[in-house]
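A.B. asks: Sequence:
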Amino acid sequence: MTHVVTAFLRHGGRVLLTRRSDRVGTYRGRWAGVSGYVESDPDDAECDARRELEEEVGVTDATLVRAGRPMTIIDEGREWTVHPFLFDVADRAVEPNQELADVEWVHAPVICERGTVPELWPTYRRVAPTLETVQTDDTHGSAWVSIRALEVLRDAAADAESRAVLVSVARALRDARPSMTAVGTRINRVMAESGRSPDALRRRAEAEIDSAVVADETAAATAATLVRDRGFDRVATLSRSGTVVAALEDARPSVLVAESRPGLEGVTVAESLAKKGFKITLTTDAALPGLVADGAVDAVLVGADTVLSSGDVVNKVGSYPVALAAARAGVPYVAVCARDKIRDDDEFVGEDGGSLYDGEASVTTANPRFEVVPAAFVTGVVTEDGVLDADAVSEVAAEHAELEAWDDDDAGATDR
1 MTHVVTAFLR HGGRVLLTRR SDRVGTYRGR WAGVSGYVES DPDDAECDAR RELEEEVGVT
61 DATLVRAGRP MTIIDEGREW TVHPFLFDVA DRAVEPNQEL ADVEWVHAPV ICERGTVPEL
121 WPTYRRVAPT LETVQTDDTH GSAWVSIRAL EVLRDAAADA ESRAVLVSVA RALRDARPSM
181 TAVGTRINRV MAESGRSPDA LRRRAEAEID SAVVADETAA ATAATLVRDR GFDRVATLSR
241 SGTVVAALED ARPSVLVAES RPGLEGVTVA ESLAKKGFKI TLTTDAALPG LVADGAVDAV
301 LVGADTVLSS GDVVNKVGSY PVALAAARAG VPYVAVCARD KIRDDDEFVG EDGGSLYDGE
361 ASVTTANPRF EVVPAAFVTG VVTEDGVLDA DAVSEVAAEH AELEAWDDDD AGATDR
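Mind the numbering: the sequence shown is residues 1 to 416 in the UniProt record's numbering, read in order.
All the pointers check out, no bait thrown in.
Pairwise CB distance ranges (calculated):
#1 T364 to E193: 39 to 49 Å
#2 Q98 to T379: 52 to 62 Å
#3 A90 to T284: 22 to 32 Å
#4 E79 to L356: 42 to 52 Å
In case anyone wonders, no lab produced these hints; they're calculated from the structure. Predicted model, so just to flag it, every value in this text is computed and none were measured. Beta carbons are placed, not taken as given, at the ideal position from N, Cα and C, and that holds for glycine.
Construct the entire structure; sequences and hints are all you get.
C.D. replies: Below you can see the structure in the form of structure tokens.
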């Protein structure tokens with residue numbers, strides 16, 4: 001049996017498809033992922049996947065997202081064991097070699113419309129994001145998680161025969177992360193603005209993914225401009241907001257980063273920025289407020305998992321004490337996010353980070369993942385539309401409330 005790898009590269013909600021050239025031995029002219037033979041131990045096929053990424057498209061810094069279960073494919077008398085992989089990349093720059101006639105970044109369901117190598121769509125589905133991806137991720141910010149939720153809905157629409165099936169999927173995704181408003185807002189928009197057919201819903205989900213990526217990028221660029229224009233040369237942050245990281249990479253201040261327990265995603269941020277030449281200081285969550293209060297930074301830049309209609313900001317636990325310290329020191333405390341994170345009410349639904357104690361004594365634990373920073377301590381909320389004041393936040397919240405009507409319109413859809 002021949003073992004092969006198929007690696008899917010992902011950026012901004014799209015994946016890379018490659019069209020095999022006349023120089024390859026099999027499936028000439030067919031579309032595929034980045035593929036090749038397993039030359040080492042099949043149990044360590046990731047090494048072969050990374051080799052193929054470098055040889056075929058010149059990618060050496062991809063981040064592994066998921067390795068799928070191998071699948072057996074029988075085609076025209078040949079039997080293949082395919083090892084699927086999904087990688088994220090920081091940009092879409094690729095350098096195809098002579099084995100590829102063409103490359104294209106597409107939404108994954110396009111696979112179903114192309115002449116591909118055998119079983120490419122089932123191969124992709126083995127590494128595609130799932131409801132569990134959305135429910136359990138405790139490393140990435142809500143912008144990243146919301147795009148994964150849209151991918152799940154998009155991919156489900158490619159397989160569905162009716163909207164009724166997708167209503168159940170959409171409800172589960174919308175409710176998966178109550179503290180991450182962008183997830184619900186973006187799912188609601190797709191459901192409210194799509195037609196009745198699964199194909200129409202799929203197309204609307206694809207458009208929403210593309211617009212969400214642009215919104216997040218624009219919010220980051222707006223924040224970077226603010227940092228430069230106001231001369232914030234020393235910035236503190238915590239957790240792992242992709243939007244904030246993009247803003248920092250653009251503005252290039254020195255950065256004070258909290259480790260962000262328990263996931264330590266702040267360590268990942270510090271390491272990533274340091275490798276790009278930034279002056280980085282990594283500190284503990286407990287020490288960050290004191291450093292801010294002592295004047296170690298010119299501004300605090302944080303993400304937002306939710307902005308309530310009151311202007312209060314929900315973010316990773318540890319944000320509130322830093323806001324208090326910033327206020328004491330007269331340091332601006334700025335939240336950066338896409339406007340889709342603005343919620344249409346003032347109710348905060350938290351998420352528990354798990355038990356802190358497994359002993360035999362009767363100990364009640366409180367380990368929240370998120371907390372509320374009152375609007376009085378937030379200097380501004382920076383979005384793709386600029387810095388929003390309280391009235392603008394209220395207007396956006398009202399817009400988002402209207403998107404929720406789809407659920408009433410589809411009431412009972414899962415029973416039809």
